[in-house]
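Residue numbers (this note's numbering), protein chains in the order written: chain A, 12 to 485; chain B, 12 to 485.
Keep in mind that the hints were calculated from the coordinates and are not lab data.
Take every hint as true, because none was put in to throw you off.
Simulated pairs of lysine-lysine, DSBU-like, Cα-Cα distance not exceeding 35 Å: (1) Lys-362(A) to Lys-336(B); (2) Lys-299(A) to Lys-362(B); (3) Lys-336(B) to Lys-131(A); (4) Lys-64(A) to Lys-131(A); (5) Lys-131(A) to Lys-36(A); (6) Lys-64(A) to Lys-36(A); (7) Lys-299(A) to Lys-336(B); (8) Lys-131(A) to Lys-299(A); (9) Lys-299(A) to Lys-36(A); (10) Lys-362(B) to Lys-336(A); (11) Lys-36(B) to Lys-336(A); (12) Lys-299(B) to Lys-336(B); (13) Lys-299(B) to Lys-336(A); (14) Lys-36(B) to Lys-131(B); (15) Lys-299(A) to Lys-336(A); (16) Lys-64(B) to Lys-36(B); (17) Lys-131(B) to Lys-64(B); (18) Lys-299(B) to Lys-362(B); (19) Lys-36(A) to Lys-336(B); (20) Lys-131(B) to Lys-299(B); (21) Lys-336(B) to Lys-336(A); (22) Lys-131(B) to Lys-336(A); (23) Lys-36(B) to Lys-299(B); (24) Lys-299(A) to Lys-362(A); (25) Lys-299(B) to Lys-362(A).
2 protein chains.
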Amino acid sequence: MSTDAYVPVRTFVEQNSAGFLEDLKDWLRIPSISGDPDRVGDVRASAQWLAAKLRATGFPTVEIWETAGGAGLPAVFAEWPSGDPQAPTVAVYGHHDVQPVTPLELWETQPFDPSVRDGKLYARGASDDKGQIFFHVLGLRAHLAATGRTAPAVNLKLIVEGEEESGSPNFAQLLRERADRLACDVVVVSDTGMWDRDTPSTVTGMRGLIAAQIDLHGPSGDVHSGSFGGAISNPLTELVRLLAQLHDENRHIALPGFYDGIVALTDTERRLFAELPFDEAAWLRTAKSRAAVGEAGYTTLERVWARPTAEINGIWGGHTGPGQKTIVPSEAHAKLSFRLVAGQDPAQVRKALELWLAERIPSWLEYEVEFEGDGVRPCLTPLDHPALNSVTRALGRAFADDPDGEPRQILYTREGGSGPEADLQEVLGAPVLFLGVALPEDGWHAPNEKMDIAGLLRGAEAAAYLWEDLAGNK
Amino acid sequence: MSTDAYVPVRTFVEQNSAGFLEDLKDWLRIPSISGDPDRVGDVRASAQWLAAKLRATGFPTVEIWETAGGAGLPAVFAEWPSGDPQAPTVAVYGHHDVQPVTPLELWETQPFDPSVRDGKLYARGASDDKGQIFFHVLGLRAHLAATGRTAPAVNLKLIVEGEEESGSPNFAQLLRERADRLACDVVVVSDTGMWDRDTPSTVTGMRGLIAAQIDLHGPSGDVHSGSFGGAISNPLTELVRLLAQLHDENRHIALPGFYDGIVALTDTERRLFAELPFDEAAWLRTAKSRAAVGEAGYTTLERVWARPTAEINGIWGGHTGPGQKTIVPSEAHAKLSFRLVAGQDPAQVRKALELWLAERIPSWLEYEVEFEGDGVRPCLTPLDHPALNSVTRALGRAFADDPDGEPRQILYTREGGSGPEADLQEVLGAPVLFLGVALPEDGWHAPNEKMDIAGLLRGAEAAAYLWEDLAGNK
Chain A
12 MSTDAYVPVR
22 TFVEQNSAGF
32 LEDLKDWLRI
42 PSISGDPDRV
52 GDVRASAQWL
62 AAKLRATGFP
72 TVEIWETAGG
82 AGLPAVFAEW
92 PSGDPQAPTV
102 AVYGHHDVQP
112 VTPLELWETQ
122 PFDPSVRDGK
132 LYARGASDDK
142 GQIFFHVLGL
152 RAHLAATGRT
162 APAVNLKLIV
172 EGEEESGSPN
182 FAQLLRERAD
192 RLACDVVVVS
202 DTGMWDRDTP
212 STVTGMRGLI
222 AAQIDLHGPS
232 GDVHSGSFGG
242 AISNPLTELV
252 RLLAQLHDEN
262 RHIALPGFYD
272 GIVALTDTER
282 RLFAELPFDE
292 AAWLRTAKSR
302 AAVGEAGYTT
312 LERVWARPTA
322 EINGIWGGHT
332 GPGQKTIVPS
342 EAHAKLSFRL
352 VAGQDPAQVR
362 KALELWLAER
372 IPSWLEYEVE
382 FEGDGVRPCL
392 TPLDHPALNS
402 VTRALGRAFA
412 DDPDGEPRQI
422 LYTREGGSGP
432 EADLQEVLGA
442 PVLFLGVALP
452 EDGWHAPNEK
462 MDIAGLLRGA
472 EAAAYLWEDL
482 AGNK
Chain B
12 MSTDAYVPVR
22 TFVEQNSAGF
32 LEDLKDWLRI
42 PSISGDPDRV
52 GDVRASAQWL
62 AAKLRATGFP
72 TVEIWETAGG
82 AGLPAVFAEW
92 PSGDPQAPTV
102 AVYGHHDVQP
112 VTPLELWETQ
122 PFDPSVRDGK
132 LYARGASDDK
142 GQIFFHVLGL
152 RAHLAATGRT
162 APAVNLKLIV
172 EGEEESGSPN
182 FAQLLRERAD
192 RLACDVVVVS
202 DTGMWDRDTP
212 STVTGMRGLI
222 AAQIDLHGPS
232 GDVHSGSFGG
242 AISNPLTELV
252 RLLAQLHDEN
262 RHIALPGFYD
272 GIVALTDTER
282 RLFAELPFDE
292 AAWLRTAKSR
302 AAVGEAGYTT
312 LERVWARPTA
322 EINGIWGGHT
332 GPGQKTIVPS
342 EAHAKLSFRL
352 VAGQDPAQVR
362 KALELWLAER
372 IPSWLEYEVE
382 FEGDGVRPCL
392 TPLDHPALNS
402 VTRALGRAFA
412 DDPDGEPRQI
422 LYTREGGSGP
432 EADLQEVLGA
442 PVLFLGVALP
452 EDGWHAPNEK
462 MDIAGLLRGA
472 EAAAYLWEDL
482 AGNK
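If we strip away everything but chain A, and leave its shape as in the complex, we get:
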């Protein structure tokens, strides 16, 4: 296929960038904070705005999907069939809700009054995630303009959530209810970033999560440590003795079977991680920490991306106010969470923790363990997956000086965090790919969130190349 007759992707993107930015600013003016009950109407308006824009772009099917739970924070679904019976089906995932904006006094310009400075667009949601959803609209138009098509080369679906910044409480259920409508061969998540400005990269996996609270019950009330101390069980002492066993001396996690079935890092993955220009001193500054400390035998990046963890997120019991109260306290509590990697199942880790607690908590103490939901699964796409190669080629073209010349090298990262992406993989049975162009300095969830406009346009380009590539036209 010759593209001589058509406007090349990059040219189209450049020619249409001004209008694209004005549209995006319109959307960013809607304060769609899902965590603020007073902003429900704005989240709904945000969904309506996106739906209208998708219809105007040409999507034949655009729907507002209410979620369970009655929070009134709907998702937007859109679908544009290719018309080619051989075309693969792609579902793009993102979200249109945004984080709260406090502390407002730290913003240089108002969070919902988008402002461009030094080639960067400042607004809440500029990169997380409205900007990264909206580049798909421009990318799709560029794809059509560059290929002369009247429909995309892939069957394109968009699912844009309105509850992500509130923990996606109803997303898994929505997925299961609408699994037939969302059926696809590949999921493309646009809600992540790149290694840095000079190192384009794509995410290949995310960690899962299972969280629990443990409550130990000692004496039925606080008792005097002079009268009883040393002769009854102190639940705080039992708690620290228990939790000290979570990790061994190498900081491996001690739950029996915890590591069973884990997809090990390949030599290639370790080598590619090591190629990333990792600055430990800078990383420690963002970690607000003085030392990199973790599981023996792994690098810092391997630890946060590819190894499971057990963290104590909170602990409390007894007298925690000023001064001293010489008691044997009645209760001891801890909140734990485990980050999981490919090959681990939150339900199995839950069972392992329950068994571990049952074996270790002394028989004379009553206790409960309560899990926070069913947990979040990990997800991982192998580096040799063909669809992943399409993503790296598309990004490589978008970030190259000449999109038709030698593509830029794209490195691989992972996300240490956890999100609904793994539900997409699980429910839809499709690999999850990540097309995200945000940068670490973009200030997600922080004041002065921003998006590099040049990067945003690279994202649009990459999307355009990706649809061609996935359809088999490289």
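With chain A held as given, fit chain B onto it using these hints.
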């Protein structure tokens, strides 16, 4: 010396019990709650009431002693020299302030409206400690009446504190400032109880105390456990790993040198403890616990009376509210206290803890340890101390059917708690004896505090016999 011409102690006590009780009720009507700033005037009135009563009893010297700190909760000092240059000097310690009375609705009669039911006097302070101070007034009168003396057989001093229920914050300083006035050969503390109604006993020691707060500083702010978990140090994990080492698998305390110099239990002490009718099931009910758990090799009574302890009184850090917050928290805190036994010095335990922390807290964590004051020393009187034998003989006579016949057997207990008594031993350089007749069911610090009137009169008798005995007249 013949006592034929004089009224025997028991007869005198019985004959004067009605008036004694009416006087005591007067005193109990003064709500001398030292912990309530609105009751400062009542604490002062209580001191004045006692001072007047002691003057009326014949003490030639009675003084109100203000304490440092400006709380306005004075002590009462009284002195009555024997006149005999060979007479030993005794200082009686107690307190005239009382605990708060909440919850008031649980009192069957008003706490400051003394009421007699079934031979028991109900009022706040009836046993802790006004009743037990006031039996000395009757006891002294009986001693004089029974011996025909115009001054006691011992040089008698009374020091009655007004801040004990507020933790005696200024008592050690008062002792040091007035050490010359309080100089004595023996201290008699009347602020404790007996094993039970059928088992008269005397306390031979109290545990000491040193308390500290430990603060560990991890990341300079909470950080996301997805982004950083597993690769930086979690201060809660470090805290539990640290505190789990406080005790070894036998629940011995692991601070190096902690047990050095401890006065070991003698075989006699262990045998006499074992003779006490200890009901573990009943004890566990008061301990609100399901199992007796403690240091290997010791009984429950040995653990609470004669062995040092390390307790975690409180612990906190990270997210302690509802739901889950997947953070690596910035801080971890714990409050610890150590009960100490004879041979231990709070200052040395403090040093041992500081060293232990310095050796164990990872170098990448900043931390502080702050001690609550200088701690409280333990005290212990050996069972073969002559003055202790005077106490057991005096109690044995008072609790015998015939005070001149075979004395009742007196067993030995200890107090697991800590108090200013050890300061008396330390500052005054005198052994501390305990002449207390309260019972475990008297409800100290609880609603419906009471004192068995027959027991109170036995206390008065015992005091009368004790002054004779200490003076060498058995």
